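Student: Going line by line, the protein sequences match chains A and B. Letter by letter, the first sequence follows residues 1 to 462 in my numbering. Letter by letter, the second sequence follows residues 1 to 462 in my numbering.
Accuracy of the hints is not assured; some may be wrong.
Note: identical chains are not told apart, hence a pair may lie in one copy or across any two.
As the list claims (entries may be wrong) - Heads up, simulated DMTMM-like pairs for lysine to aspartate or glutamate below, C-alpha to C-alpha not over 25 Å straight-line:
(1) LYS96 / GLU313
(2) LYS164 / ASP68
(3) LYS286 / ASP68
(4) LYS165 / GLU431
(5) LYS96 / GLU431
It is worth saying that the hints were derived from the structure and are not from the lab. All values reported here derive from a predicted model rather than from experimental measurement.
The residues making up each chain are set out below.
There are 2 protein chains.
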Amino acid sequence: MRLALLIPLLLLPLFGVLWFHPFGFAPEAWRLFLIFMGTIVLVVSQTLSILAASILALSLALLSGTMDPQAAYSGFDEGFILLIVVAFLISRAVVKSGLGKRIALQIIKRFGGSTLGLGYSMVAADLLIAPAFPSNTARSGVLYPILHALCHDSGSKVTDGSRKKMGAYLMMTSMSGLAISSALWLSAMAANPVGAAIAAQQGVQITFASWLLYALLPVGCSFALMPYLLHRIFPPQITQTPQAPLRAQEELRHMGPISRNERITLAVFVTMVALWALSEGLGIDKTAVAFGGLGVLMATRIFTLEDLRHEGEALGTFIWFAILYGISAELNRLGFIGEIGEGISALFSGLPWFWVYLLLVSAYVLIHYLFVSQTAHLLALFGVFLHVGLQAGVPGELLAMMLLFATNFSAVITPQGSSSNLLFAGSGYLEAGEIYRFGGIVTALYTGLFLTVGTAWIWVLM
Amino acid sequence: MRLALLIPLLLLPLFGVLWFHPFGFAPEAWRLFLIFMGTIVLVVSQTLSILAASILALSLALLSGTMDPQAAYSGFDEGFILLIVVAFLISRAVVKSGLGKRIALQIIKRFGGSTLGLGYSMVAADLLIAPAFPSNTARSGVLYPILHALCHDSGSKVTDGSRKKMGAYLMMTSMSGLAISSALWLSAMAANPVGAAIAAQQGVQITFASWLLYALLPVGCSFALMPYLLHRIFPPQITQTPQAPLRAQEELRHMGPISRNERITLAVFVTMVALWALSEGLGIDKTAVAFGGLGVLMATRIFTLEDLRHEGEALGTFIWFAILYGISAELNRLGFIGEIGEGISALFSGLPWFWVYLLLVSAYVLIHYLFVSQTAHLLALFGVFLHVGLQAGVPGELLAMMLLFATNFSAVITPQGSSSNLLFAGSGYLEAGEIYRFGGIVTALYTGLFLTVGTAWIWVLM
Chain A
1 MRLALLIPLL LLPLFGVLWF HPFGFAPEAW RLFLIFMGTI VLVVSQTLSI
51 LAASILALSL ALLSGTMDPQ AAYSGFDEGF ILLIVVAFLI SRAVVKSGLG
101 KRIALQIIKR FGGSTLGLGY SMVAADLLIA PAFPSNTARS GVLYPILHAL
151 CHDSGSKVTD GSRKKMGAYL MMTSMSGLAI SSALWLSAMA ANPVGAAIAA
201 QQGVQITFAS WLLYALLPVG CSFALMPYLL HRIFPPQITQ TPQAPLRAQE
251 ELRHMGPISR NERITLAVFV TMVALWALSE GLGIDKTAVA FGGLGVLMAT
301 RIFTLEDLRH EGEALGTFIW FAILYGISAE LNRLGFIGEI GEGISALFSG
351 LPWFWVYLLL VSAYVLIHYL FVSQTAHLLA LFGVFLHVGL QAGVPGELLA
401 MMLLFATNFS AVITPQGSSS NLLFAGSGYL EAGEIYRFGG IVTALYTGLF
451 LTVGTAWIWV LM
Chain B
1 MRLALLIPLL LLPLFGVLWF HPFGFAPEAW RLFLIFMGTI VLVVSQTLSI
51 LAASILALSL ALLSGTMDPQ AAYSGFDEGF ILLIVVAFLI SRAVVKSGLG
101 KRIALQIIKR FGGSTLGLGY SMVAADLLIA PAFPSNTARS GVLYPILHAL
151 CHDSGSKVTD GSRKKMGAYL MMTSMSGLAI SSALWLSAMA ANPVGAAIAA
201 QQGVQITFAS WLLYALLPVG CSFALMPYLL HRIFPPQITQ TPQAPLRAQE
251 ELRHMGPISR NERITLAVFV TMVALWALSE GLGIDKTAVA FGGLGVLMAT
301 RIFTLEDLRH EGEALGTFIW FAILYGISAE LNRLGFIGEI GEGISALFSG
351 LPWFWVYLLL VSAYVLIHYL FVSQTAHLLA LFGVFLHVGL QAGVPGELLA
401 MMLLFATNFS AVITPQGSSS NLLFAGSGYL EAGEIYRFGG IVTALYTGLF
451 LTVGTAWIWV LM
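Turn these sequences into a full structure, and let the hints guide you.
Tutor: The following block contains the structure:
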């Protein structure tokens, strides 16, 4: 029997017993919580994919009468979830048009003369293209091929034992960079807007602009220190890479002048980003802007029905996202998260809010060891942790932002901590043990910087 | 300039003028109607895909303030639309598991000894597997490969000029069969449940069971006559096919005993159909049943994430469906369809309701010449025609059922009348002119049978 089956089989009787013992909670809320936690267990134990687990959870919640259909399907017409789905499709157009690659190459051409410079340039490229890539996984798919070609052509290969010449360092740096590029923009990671919506449910408003402002300094410091730190503790054997800017230039020449498709995609993007930035003032719907962008990309045949055919993953993401969001929203509506939060916050009673803040954020980061997906982590714990902090008097905006940042910067704590790690972890340039070690150190660096510099910065701006 | 661009460019100024002249209608309702009709024009003129057109329509409706986001996205959390999406995915599992093919082969093995018998057996197979295939396009994908192999191995080929030996007849018959198999079951065509939902908006309740009951006799008569009629007017050169049952038997032997995946898929299906049939009595949600079935198929690895990756089309269908449904629902909510309907019904004032009924159904069938998709036809006209008939005193259930049947049986009136025609029309066995001619005759047969036998039957049962 597969090991993955053991955990759920052992837990099934426990699930059955708990189902009928709600410990004083309202039975429906308690059972929905059990279904939700059961889903997380199935996913974390790798028994089922998050999609299969969510679908079964929804079905169980509905057929057992724990949830009514209207609440269960309510996630599917949430504008911000539709925004993610549309943005998924748009990101394919960016890849297909070559625009993402061109921007990255431009940066490498300018700043890639040494391995350290190359590390910085990869992360900088990532930081700059990030707002246009609401899926950090999709973004990793743009950066990785360029990075892989660079390593390979610089004579650092997996097959001949030269992986540490520069490849291992660059892979580790770029993977760690994704964790902070995702933290910089509200639109740089699929679950960020979900987190913002959950925060709004608890009365904390987060906008595209406020997110960026709060993130600027701590992400800036992390960006300044991370490639350098890795260069010291995980040094590449080659430190000078005069060929990288040339290679980028060559690739750019090979790409030729900016194509019709790139130009249209660029225009669509600039318009979309401008409209998103102005959407609050103009009173226009962000999702409608995204739909409009996608519509133009389809009408101009940059994104075709043939391209769409291969985007089943976007549908899968849409489905499990909407399902888990619906369950989470219902748990919140039933007051369950509030009750749990009050229970935990009783543990902290008497502690000054600043200690509660530090304990919550640190615990939130460490607990990411248990999670395979940033989104699952956020869905399971962000709402509860935020609620506990609010009860203890922690300023809402400070705590919400820090937990959302932590959702991103803790991504490299394990190889499976984010789907955006997978290309790097599977490249052969990095061993799992190295990722655990250096990913842990990088996460410690990020946590330290965000809790000190980040806290002070947000405090001043609030 | 492409011809397809001419129509919208010519219509654009007209659109602009009409936008500001609502002819006494409420401006928002009028503009939403213009957006909706503009979408249909773009699709019918083949300027844009229905997905691209719908996305642009949604964006325009939102950014112009014609619709608010909540109404615009309301289609996305409609249970019956989610049911279609899930059923799309489930139908892939039926194809992948081989279950659909096995059922079809069993029927051919028994009844396929002559070309006429083969024609009947293909249509019978189609009728029987139809309730499990909510996409008639997917169903055509199951039937066509079997049919194509049969024609080919019977010595009727496209390449050597022997297409009329039996291939042309069988292709025409099978394609015409899809039009009535889709009419037999509520779950046999993607837009059928949409139609039922629109009917419900106007107070006409249609269930899985009532649909089947009303369809039984007219579909039965159509099934009895259509293959025979085509055999007379479009005769195959070979009429005896002793090899067909053998071939089916051989293929069945080749398939071996029923596999684990087929067995599970079959069990899931029987359970799903049983629960669907009992859902009203048990008070359970049909979509939850479908989600449960998909969850089991995923947990048993019959439908995998890799399979999902290629199901982007399901996402596309979900999006344009939900968008157009949302617009249609909003038009209805604003009272616009009612006003239009009253205008048209004024033309019929004084006519007895039976004449109104005949005129509406006949017009509905003929107008399918203008439509590329059954769904677009239904979305554009079903609600209005039903409303007009109700105003004129036509019994609601009779008219609703007949228009829904007509949405299906008019599918073969042109080669592009339904996406389920495309495989047959593109097979090389049929010329477009033949499809127009014999498709027109078959549609006339269906219309006659449904209006006489069908009307009497529904009248008796109502």
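Student: Next, verify each hint and record whether it holds.
Tutor: Verification of the supplied hints:
1. Taking identical chains as interchangeable, the C-alpha atoms of LYS96 and GLU313 lie at most 25 Å apart whether they share a chain (17 Å) or sit on different chains (18 Å).
2. Neither within a single protomer nor between protomers do LYS164 and ASP68 lie at most 25 Å apart by alpha-carbon distance, with minima of 55 Å and 56 Å respectively.
3. Only between protomers do LYS286 and ASP68 lie at most 25 Å apart by alpha-carbon distance; the minimum there is 12 Å, versus 29 Å within a single protomer.
4. Taking identical chains as interchangeable, the C-alpha atoms of LYS165 and GLU431 lie at most 25 Å apart only when both belong to the same chain, with a minimum of 15 Å there against 64 Å between chains.
5. For a Cα distance limit of 25 Å, the shortest separation of LYS96 from GLU431 qualifies neither inside one copy, at 31 Å, nor across copies, at 37 Å.
When held up to the earlier numbered hints, the structure conflicts with 2 and 5 and fits the remainder.
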